[in-house]
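For the record, the sequence lines run as chains B, S, X and P. Per the numbering used here, the first sequence starts with residue 1, numbered consecutively. Per the numbering used here, the second sequence starts with residue 1, numbered consecutively. Per the numbering used here, the third sequence starts with residue 1, numbered consecutively. Per the numbering used here, the fourth sequence starts with residue 1, numbered consecutively.
The set of hints was computed from the structure by calculation and includes no laboratory data. Watch out, some of these pointers could steer you wrong.
[What the hints assert, rightly or not] One-sided excerpt, in silico: chain X residues whose CB lies under 7 angstroms from chain B: (1) 11; (2) 47; (3) 351; (4) 356.
[What the hints assert, rightly or not] Simulated pairs of lysine-lysine, DSBU-like, Cα-Cα distance not exceeding 35 angstroms: (5) B:319 <-> B:195; (6) X:319 <-> S:266; (7) S:266 <-> X:357; (8) X:195 <-> X:319; (9) X:357 <-> B:357.
Just so we're clear, the structure is a prediction, and the values are computed from it rather than from any experiment. C-beta atoms are modelled at their ideal positions from N, C-alpha and C, and glycine is treated no differently.
Number of protein chains: 4
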Amino acid sequence: MFTLGNVLRLTIFGSSHGELVGSTIDGFPVGFRVPVDYIRRYMEYRRPGSSILTSQRKEEDDIEIVSGLHEGYTDGSPITIIIRNKNVISSYYSELRENPRPGHSDYTLFLKYGEFRNYEGGGFLSGRMTAPLVAAGAIAKAYLEGMGIRIMSYMRSIGDVECDRITGDRYNFETRMPDPECDERSRNLIMEVMKAGDSLGGRIDTIVENFPGGIGEPFFDSVESIISHAIFSIPAVKAIEFGDGFRLASMRGSEANDPFDVIDGKIVTRTNHNGGILGGITNGMPIKFSIAVKPTPSIHLPQQTVNLSTSERSTITVKGRHDPCVAIRAVPVVECLTSFVLLDLLIQSGYVNRYGKKSKRD
Amino acid sequence: MFTLGNVLRLTIFGSSHGELVGSTIDGFPVGFRVPVDYIRRYMEYRRPGSSILTSQRKEEDDIEIVSGLHEGYTDGSPITIIIRNKNVISSYYSELRENPRPGHSDYTLFLKYGEFRNYEGGGFLSGRMTAPLVAAGAIAKAYLEGMGIRIMSYMRSIGDVECDRITGDRYNFETRMPDPECDERSRNLIMEVMKAGDSLGGRIDTIVENFPGGIGEPFFDSVESIISHAIFSIPAVKAIEFGDGFRLASMRGSEANDPFDVIDGKIVTRTNHNGGILGGITNGMPIKFSIAVKPTPSIHLPQQTVNLSTSERSTITVKGRHDPCVAIRAVPVVECLTSFVLLDLLIQSGYVNRYGKKSKRD
Amino acid sequence: MFTLGNVLRLTIFGSSHGELVGSTIDGFPVGFRVPVDYIRRYMEYRRPGSSILTSQRKEEDDIEIVSGLHEGYTDGSPITIIIRNKNVISSYYSELRENPRPGHSDYTLFLKYGEFRNYEGGGFLSGRMTAPLVAAGAIAKAYLEGMGIRIMSYMRSIGDVECDRITGDRYNFETRMPDPECDERSRNLIMEVMKAGDSLGGRIDTIVENFPGGIGEPFFDSVESIISHAIFSIPAVKAIEFGDGFRLASMRGSEANDPFDVIDGKIVTRTNHNGGILGGITNGMPIKFSIAVKPTPSIHLPQQTVNLSTSERSTITVKGRHDPCVAIRAVPVVECLTSFVLLDLLIQSGYVNRYGKKSKRD
Amino acid sequence: MFTLGNVLRLTIFGSSHGELVGSTIDGFPVGFRVPVDYIRRYMEYRRPGSSILTSQRKEEDDIEIVSGLHEGYTDGSPITIIIRNKNVISSYYSELRENPRPGHSDYTLFLKYGEFRNYEGGGFLSGRMTAPLVAAGAIAKAYLEGMGIRIMSYMRSIGDVECDRITGDRYNFETRMPDPECDERSRNLIMEVMKAGDSLGGRIDTIVENFPGGIGEPFFDSVESIISHAIFSIPAVKAIEFGDGFRLASMRGSEANDPFDVIDGKIVTRTNHNGGILGGITNGMPIKFSIAVKPTPSIHLPQQTVNLSTSERSTITVKGRHDPCVAIRAVPVVECLTSFVLLDLLIQSGYVNRYGKKSKRD
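Can you make the complete structure from the sequences, with help from the hints?
This is the structure:
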């Protein structure tokens, strides 16, 4: 369904070629002054057309907060944010109606919805739906930052170019790699692959710092369960690992266990193979996870498909401008959506009291 | 919290050193003759003490179905299954109370619950809680098998021993690797590591065959979201990938996209890099995913920890018999829990009608 | 919170003096051609200013369906409907900020939200919020009518004027009493009370005909539980009874039990004291319930209140035009909201399959 | 379904003629010492066979708390309570299988579940299911009492005997009327009706004192919505009203509005026609509601029914000992279930922090 979260809940609506996309947040803490510029900045990070490396479709992505605020503060009612779709041209998609694009949801939408499927541009399963995710999640991210919690996602690899260092702000670089040299190398790769009409996947790392320990709801609402549930909603994500993830499978216990230590009177672990989570509950160390985003399925090379009316083989060549590497634009989405579900967990844990603030002086 | 699922819901209760553990299933389809022997068999697959490779703790794991059946058939009310704990000795754990074991949830339970933490043997975050997961999930698995759907998990790797072939039934082998030679090699590795007082992690692959297409609830309840949410509830799981998973991050679109084809009048994909899921919805191809289970945190080597009362460094050596590789016993858990959430999705998709069966002749 | 329903879910947003109010419906059956005129008609039934008996505030209540439809049919994604607020003047309400109106939510909003309360015109607890309830519920009502199910609410009493007969369409009469003489008498009463600056309460009866038997989810989601939960969301509703309701408390079992009978091969009950519901499940007889709506709290007489800043007694006289009897405009709200939750129950019972329709020819 | 509550959740299981009935509470505040004697006392209040006025069936109703406590304190995991069924004789019910009892759920269970219905003694819709409601709710009630909140239900009327005064503890009287003379009169009525083979309904009033203001979740989770949802789960309840309830429908605004006043620096209302709830949120005044319980459907007089196999009219005379007035035993059920949902609301409102207590000295 289109709602995420337990106490703090996000509902999204709209579709890529409809009138608008939007999100409604219920359960947000009362009395928070929503920083509209901050949300706009995150919308800009996600926006296509901002770089030659992303789709040249124009999505202006103006946000309108149409409910939930009273004199600029959250008032305890649902916050609804609307983002209008512009320059939507559907004519092209009617060609695709009968010929599902490989790697896309065209065929599964047909299986599930038959004649009623919203097929243009992926409909409501499109990457366009990440715009309302960012808008909603950015508010949560701003809230967490006000508590001193930092959430950062960045591009770890694109194709076979890996970035193993952080020397700058990922948003200063088109590829969202946090280093100029890595950025340069991966840009060159992308340009080359674009010319070949092909696309690239990537890997995004996330680190959450200064997050309190003791957060996470046992048993089924572990931090890993909650984050992975959210992250797999992002189109094209196919894998997630926490801490050392798959590498843990080939480690010994003596390597994988993080020894406890005391530093400045604070209990910490000396290593962080477990990514800040033990038994599904945070231990006060940085939360770390990494995800895989598959290559953009829309490529400009001929691909084999099957005509849904005739059930005969056919060939399709996807037209239009598409992101050569959708993972790049997923970076702010991962940050914002992670923020959203972490705030939900903080509320559930009683660490944040939704109704705790009664006065602007608090 | 302790409930999983949307329409079909599982609640578990109990703890490793309490009187019992149990599960309650609400929303199961009416009129299903529950195959008690089948559940027993799966309990046996998970049971410790059945092999030298698993903990020698005796868990007899007799299941009692105390509600939800009428004349042997599900009657539409919650199915509660109780599994009594036997031979529970807590004296040892009182030593550990103040000295959290690295890699375990001892410390995070302390952070969350303080003095009230149920600390013996991991309390309600223990591997013991997977017994009610198996009991409940085995019923769902039997139901799906009745529909012709096959769910199989098996050990893909232990430490650095990888098994890349399936030549036998995984449950015929102690390591749950589906091949005698792989089993032999990994057993030798386990024996060696056990002697060294250390432990091993592993990787479990799962394949679901003959599952219908068009299943999965957009947007936030994609098949990947639902499966990962459930699987990360299993203690020690730290990573999951669908289809080619992390390898997709370094592939090109032209490699990663699965071309459609028609075989015997049925639309299929010629490859299955996406693991049977596109846009979060099944496409009729086998669902495939792989998970990482970290090494058993209980090892017999001295480890550094911190005394919670004094906040001073201390050393702990975990005693008792523990699984050298908990991943082995997780295999049936993954199978059963996956079955449970897939049945939930089938109900939500209207593919299974909970109240569709009104007569024993249907 | 602002979401209602289990599988079919309604989220509302906005407030009486904000930019708009709206509703988002998730889980609606796919492939339904939404009858926009039908929704408009129900919006008109609820609209103030349509009669001298209702508030003269102009609410034009144009609905915009901004998502969820594809070529006019529901496409399985959330249906969002927006209704813009017009002619909103807030200046008056700033006077009321410190002096809560008796019978209103002003004081409880203050207790819950402190300085951040959305106080103008009742904010998000206002009667204005019933506009999105009608918009959303009317779609469900149209769907049920397509199945042959009829849901009718009408005014049973206003003040001490009771209407014990149905001789016409309630929507042909300003008071929503389904009889010209009752309408006349209650109109006279309302006019008189209006002149005195006072207000009236009323009683609304609802009858659902041709609803299938066997619907309702035991134990906690009985038909009575689900309907009452929804109905008490409507501002000013203070009581509900099913079938003979409170009269059953003074009846004998021999009077209250409805004897079964067979008529034309169909099992029916000869009386319907239980209002079509036994054990929380429908029995195929008409579902009947009655609710009490308290008098409009906004009256033009001086009332005692307390200044929230000074904690001293003060007096308030509410200005502006208000409905002399809000119950009148609640009639379509009850119908539509009842339709919504009944459709949710039909889906949960497997009677309606959300994904059952795949083609426009079905 | 069989789960109630949002954050604090109750799941019940079992059936009247099965092995046991039970309840599982998830989300209870951590660190509460569960008063077992207090629960036992409430179980005793509900138990049949304790008076000639109630069914002579022996239900010993020993409770076993099998999970959720650690050293006597709630530990944050689900609290499961089991109550074994004793002296269950099903032979009689096989006669009823084909002949549904008027006023009972026999027929609706047949419609919903067909051949698989759990028909003996009402199965899982039986009054027997109120035993786990009491067991679970009594814990919540004890918790609220520890906060100084008092919840009291009592019999307001039985048949036409009304009790308009409180002069003693309702549990000192067999009829749960809180006055010896009322008790005497209603006992006489019950004895007389019993002799005639008939049964009686009743009305139960509830008052909650010292409950904090500002509690209740807008919009759909108003206090009235949440309480009514829960209360209609209790078998045989057919009506509920808050404050002056149905009488409000014939009042004027000037009568119904509760004027605010200041007494000892505290804001109160001078009357309480609204039953302590305005806009769905508590205002700090006593919460008041009243419910109707229909007469026990099981009566010893011949009643007309229809044979489900032959679809022909038949006659049934219910045998066995049944409560002449089930409302009596519903009194503690209403108290306990109300306590449960009020505690859920307190948690949701941030007034009670589930994880707030970390030490036994707090």
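Now the hints, each set against the structure:
The beta carbon of residue 11 (chain X) comes within 5 angstroms of a beta carbon in chain B, closer than 7 angstroms, and the hint placing it at the interface holds. With a cut of 7 angstroms, the hint placing residue 47 (chain X) at the interface with chain B is violated, because the nearest CB-to-CB distance is about 20 angstroms. For the restraint placing residue 351 (chain X) at the interface with chain B, the shortest Cβ-Cβ distance is roughly 20 angstroms, beyond the 7 angstroms limit, so the hint is violated. Against a cut-off of 7 angstroms between C-beta atoms, the interface hint on residue 356 (chain X) is violated, since the closest Cβ of chain B lies about 10 angstroms away.
This hinted pair checks out: residue 319 (chain B) and residue 195 (chain B) have alpha carbons roughly 14 angstroms apart, not beyond 35 angstroms. A C-alpha spacing of about 70 angstroms is found between residue 319 (chain X) and residue 266 (chain S), which places the hinted pair above 35 angstroms, so the restraint is violated. Under the criterion of a C-alpha separation no larger than 35 angstroms, the hint pairing residue 266 (chain S) with residue 357 (chain X) is consistent with the structure, at around 21 angstroms. The hinted pair formed by residue 195 (chain X) and residue 319 (chain X) meets the criterion: a straight-line CA distance of about 14 angstroms does not exceed 35 angstroms.
Of the supplied pair hints, the one linking residue 357 (chain X) and residue 357 (chain B) is violated, its CA atoms being roughly 48 angstroms apart against a limit of 35 angstroms.
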